[in-house]
Amino acid sequence: MTTVHPETLKRRSMLYRKLATEGARFERTDDGAAPASYANANEVACARKMGIADLTTLPRIGFKGKDTPAWLVQHGVKLPGGPNQACLQQDATLVVRLSNDEHLLLDDVEFSGGLVARLASLWAFESDRLCYKLLREHSHFWLLLVGEYASAMLAKVCGVDMQPKQFPFGCVAQTSVARNNAIVVRSLLGTTPAFHLLADSASAEYLWFCLLDAMQEFNGGAVGLEALRALARESNSR
Amino acid sequence: MSVEERLPAPAGLLLDRSKKISFRFQDKQYEAWQGDSIASALAASGQWILSRSFKYHRPRGILSMAGQDANALVQLPSDPNTLADVTPVSDQLAVVAQNFKGSLEHDKHAWIGRFSRFMPAGFYYKAFFRPKGVWEKIWAPIIRSRAGLGVVDTNYTSGYFDKQYAFTDVAVIGAGPAGLSAALAAANGGASVLLVDENRLLGGSLTYARLAGAADAAARHREQLVSAVGAHANITVMCESMCNGWFTDNWLAVIKGSRLYKVRAKEVIVCSGSMEQPAIFRNNDLPGIMLGSAAQRLIKWYAVRPGRQAVVLTGNSHGYGVALDLLDAGVRVAAVVDMRAEPTADALSRAIADRGVRIITGSAIYEAVPDASKNHVVAVEVRGISARGRCADHGERIPCDLVCMSPGYTPAYQLICHAGGRVAYDDATSMFTLEGLPQHMHMAGSVTGMYVHESVCAEGRYAGRAALQSLGLSTEDIEPAPVRGLSDRVNFDWPIFAHPAGKEFVDFDEDLQIHDIIVSTLDGYEDIQLVKRYTTVGMGPSQGRHSALATARIVADATGRTVAETGVTTARPPFAPERIAHNAGRSFYPERHSAMHHRHLEAGAQMLIAGAWLRPAFYGEKGQRDQCMAREALNVRQNVGLVDVSTLGGIEVRGPDAAELLQRIYTFRFAKQAVGRCRYAVMANEQGVVIDDGVACRLHEQLYYVTATTGGVDRVYQSMLRWNAQWRLNVDIANVTSTWCGVNIAGPKSREVLRRLCTDVDLSSQAFPYMGVQEGHVAEIPARIMRVGFVGELGYEIHVPQHYGEYLWDRLMEVGVEYGIQPFGIEAQRLLRLEKGHIIIGQDTDAMSFPAEVNLDWAVAKEKPFFVGNRAIQEVNTRGLTRKLAGFVIEDANAPCPQESHLVLDGDRMTGRVTSCYVSPTLGKTIGMAFVAPEQAQPGSTVTIKSTNGRLVEAKIVKLPFYDPDNKRQEM
Amino acid sequence: MKLMRCPLNGWRNISEFTYGGEVESMPNPVTDASDVWAEYLFFHQNPAGLVHEWWCHTATSYWFIAERNTVTDEIIKTYPTSELFQKRVDFSQEEST
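Residue numbers (our numbering), protein chains in the order written: chain A, 18 to 255; chain B, 438 to 1409; chain C, 237 to 333.
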């Protein structure tokens, strides 16, 4: 994997300086860079307990408007049953339904999906069709909180019960995290519980700081895509 | 007594006798076992005085051993008011006593007690009023030096305090026999249970109290319940955790260590127990006099023998249990004084009789006798009770160094009161009842007045099952709740014995005696709430835990009412003192950064807080604001400047009715706006007040991109959604503020700079005129380019997707070098726009400004059928202006520059205020805008501004804008 | 802290919501008299008892209606605005430029 520096690229996560201070080595994603690893021998072990990964430069997209569900279905997307639910597509893209009319699509850490890119190229502004593209890859930064303590950590910054029993795979909460609006999606990395957390890009540095503070007691730390992929491949029977 | 001389196990449940530690109290070194509390270790070494009392500086020692009284407050190096009776001692801890002068044993202020009659109830209240000034000059300095609690360490640095949510089906507060039984019943039914207890050990009274039967009966019951709870997967136990308050919908504040848990429970079961009360007699506060349960805790928890010879004063059978425990611990019991005339015999009292202890019935302690140093009890005067609260004229003096009081209990009703429950009292039985619990709250155990062990456990199980039913986890009929019997009558009706010489303490915290309470009623304060405020009873650190019932009884007696009629004062959160740090938690404040934030810092920007945003105010040294601002502004006028406008709000309105929605939301016309054009958009509220402005860019027949102010966008977005929820227009509205970031490149050379990076848009004035909008690419990044001119020069606003922001900034700065590009901050931007006469909503408008007042009537479409605020605007327009925003210049170069909100005068009359004012480097004079009276608003007229230090400054009203009135520069 | 059920997001702490005032119907901008408008704009009923209120779930900017008892502070029910506002509203169409 070639190493790149985020400042040589156009698209930059607002966190790249912080990640670099943590010792990140970056890999290329589309027109940006994401942390591949942190030169930490225990990174996978850390991710199993409590890891935080910046996925901001990974592919994702949103669609909104009352004709959105029909348009997505027309293009072969399987929709979650209702608002605040998420479901996986065949290609591992996660479709998150934020309201009746609004959907968010997240690529996976292997970039195996391609659905995001396909829909982005299929979509064009059309009169009288209320299905509009949202640049979710810009409006929101994207973190993955992973590990057995992730829900306990979230209980320190969020008032919604995210214990495994109450908030299983596919649950979505749009709520306040550390006094900041955020979308939290319960996910799974292989067999390790994980949460996608997306929030307003301008708050990236603030929330990163709050979350690292909250995960201190669990010895949490930043992890890279390589560790996430290692976990994702673990006895993934789904 | 060295630590080795403690009582043998099983006494000393809390001690780890493998670890000996040592600590200091005052200037002496003491030994302790790991697990000792400060007070237990001191008591074991014969140090009974812990503090001096608040007002009279009387020596005070152990009272409750349960953290319920102020006697036990001591000073740790950086923590005043620490409860010595429950705080574990740690190795090398340095403890000092509080509130004394000289030595703890010989307090130089103890003389104050002899003058207590000069400081009656209402003393503070009266001293505040008369004679005038006496409080400030005389009383306050004296009292402040003598009264008070610990010393605040002003160099204290707070530790790491944080908060956490916890979620559970059932929260059980209190892990005594009722709580343990309730937790088990609920957990067995499949509920998740959080069991909270303030103590280190589970078991509540089973850890120290005496049950009938074998000496270890309580221990065996406890063992059974605790091991079942420990083994249950559904139960989470939180010990050493204080549930400090109940809030709406079962939100419980639980403090454990340095963390505040915000517990959300579907059902709450309060098993908080009850608090043993002191009896009231002369010198009842002497060290050596304590609650019966305190003596039991000393023995069972800490293996400390609480004295050598004891007298037990009781009004129930529990006192006999205390006496048995004392005997087992090797204390001689000189007598059990039972206030009841004819106590019913039971297992405990028979056991006492069997062991040859003298039982004196129908009698009370009339007075406790101190030793020569007045520091410890040496005897009690026991007299027969002749009538309620009255003793016979003569009695018997019994020597003792320990007095145990067991006159009865009050329920720990605080949490239930927080939830709106009420406390009722029955004068006939002296029993309490709690009523009016909200839905989803249950209670069990002695808080309900249940004291017989078997009934307590049964009631716990009942409450657990009731919670299950409420959760929908059980539909079975449940056995009825147990009812209270004769054996649950544990309160002696009147354990209050006035003495002609006083010093019968009702409230130990505030040194209040029986007389003080009565004086309050004589002064006309008969309501219990007024008595509390007049006398300060119950207002000290122990918050009436030991004084509420006694006060109610005394007030009832003094006012000829029943105790039930008198009532007790209300309990509010917090139950126990809590630290501000607990409430503060991590204290993070959301902070928003633009994509170019770090570039501003690297360029030496001084950042300014705008809402949650950090924005560059100017680039340069902190003290150089004026120079930096002038330099940046001139560079925009002469060359080209770059300002970060990412904080600007952005909303997209899309769909067939997009134009119609804008027509209704904004005051201006939009229906016929051409694609590729921008229009200024003013938003009013329904009252006609200008609340926001922006630029509406029509990118497509069915797509508007509307900007909004940094602080206003969220409100604008919510307001659009709310209106359209009512109108149901066929549009979709999205807040895209964080999708786009942006810069404004402004100045005569801005086109040349932009041309270097933008090749797919024709930037010529003909193809891309002022107020045009184009989509294209800048530095190969997709961009929305608007030709708008807030600062009054040729300029472009470039909006690009957020994560390209830093790259865009870098490229513009890079190619701009040869054109003299410099970044400019908010201060320069504000100055430049003032020169151009543009207003800032919220700065040059206020909550009453309607469009005509701020010269925006041109932006209000008169012929539209409707827009938000139209009716109110029409209405105010017919009434004529009462003020007007006008531009002014100050010609006098020596006059101070007025500040925002400086007054505009017309003679003696205030007619307005300055809203913006700067020294303009471009124009070489001070310019500003101000609200003035309509008749003052004519260009050429002169107004007076009351400037800094009241200096009156002449200002000339001029026509706006100050700069480039023909708009030649921005339309270049 | 009080809980409220958002029709879109479910039960949440009340701190996640923004209060939007009572549901009141707007007078006709053309035909209703000034005093009717003044009453609407500047006076509120604030009754003791059942009220219908606008509430917004802040994180999602989702508006809904709550029925609340102002005496007991009980929230009786919450429901989507579409239950209350079922038809498109139009104002008299005069051509504008």
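Keep in mind the hints are simulated off the structure, nothing from the lab. Quick caveat: nothing in here was measured; it's all calculated off a predicted structure. Backbone N, C-alpha and C fix where the C-beta goes; we use that ideal spot for every residue, glycine too. Keep in mind that a hint or two might mislead.
Stated by the list, open to error - Example chain B residues on the side facing chain A (calculated, C-beta under 8 Å, incomplete): (1) Y562; (2) A829; (3) P937; (4) N1020; (5) F1025; (6) R1029; (7) D1094; (8) E1097; (9) L1140; (10) W1160; (11) A1162; (12) W1164; (13) I1218; (14) R1221; (15) H1240.
Hint by hint, here is what the structure shows:
1. With 8 Å as the threshold, the beta carbon of Y562/B stays out of range of chain A, its nearest partner Cβ sitting at about 43 Å, so the hint is violated.
2. Look at A829/B: its Cβ only gets to about 63 Å from chain A, farther than 8 Å, so that hint breaks.
3. Below 8 Å, beta-carbon pairs count as interface contacts, and P937/B has none with chain A, the closest being about 60 Å; its hint is therefore violated.
4. Because the beta carbon of N1020/B sits about 15 Å from the nearest beta carbon in chain A, more than 8 Å, this interface hint is broken.
5. At about 5 Å, the closest approach between the beta carbon of F1025/B and any beta carbon in chain A falls short of 8 Å, and the interface hint on this residue holds.
6. Annotation: R1029/B was flagged as interfacial toward chain A, and the flag holds, the nearest CB pair being 4 Å apart, inside 8 Å.
7. For D1094/B, the suggested interface contact is broken, since its CB lies about 10 Å from the closest CB of chain A, more than 8 Å.
8. Below 8 Å, beta-carbon pairs count as interface contacts, and E1097/B has none with chain A, the closest being about 14 Å; its hint is therefore violated.
9. Annotation: L1140/B was flagged as interfacial toward chain A, and the flag holds, the nearest CB pair being 7 Å apart, inside 8 Å.
10. A least Cβ separation of about 17 Å between W1160/B and chain A goes past the 8 Å threshold, and the interface hint is therefore violated.
11. For A1162/B, the interface hint is violated, the least distance from its beta-carbon to any beta-carbon of chain A being 13 Å, above 8 Å.
12. Given hint, W1164/B at the interface with chain A, is violated; its Cβ is 15 Å from that chain's nearest Cβ, farther than 8 Å.
13. Annotation: interface hint on I1218/B holds; nearest CB of chain A at approximately 6 Å, less than 8 Å.
14. A distance limit of 8 Å between C-beta atoms decides the matter here; for R1221/B the minimum to chain A is near 12 Å, and the interface restraint is violated.
15. Taking 8 Å as the C-beta contact cut-off toward chain A, the hint placing H1240/B at the interface holds, the least distance being around 5 Å.
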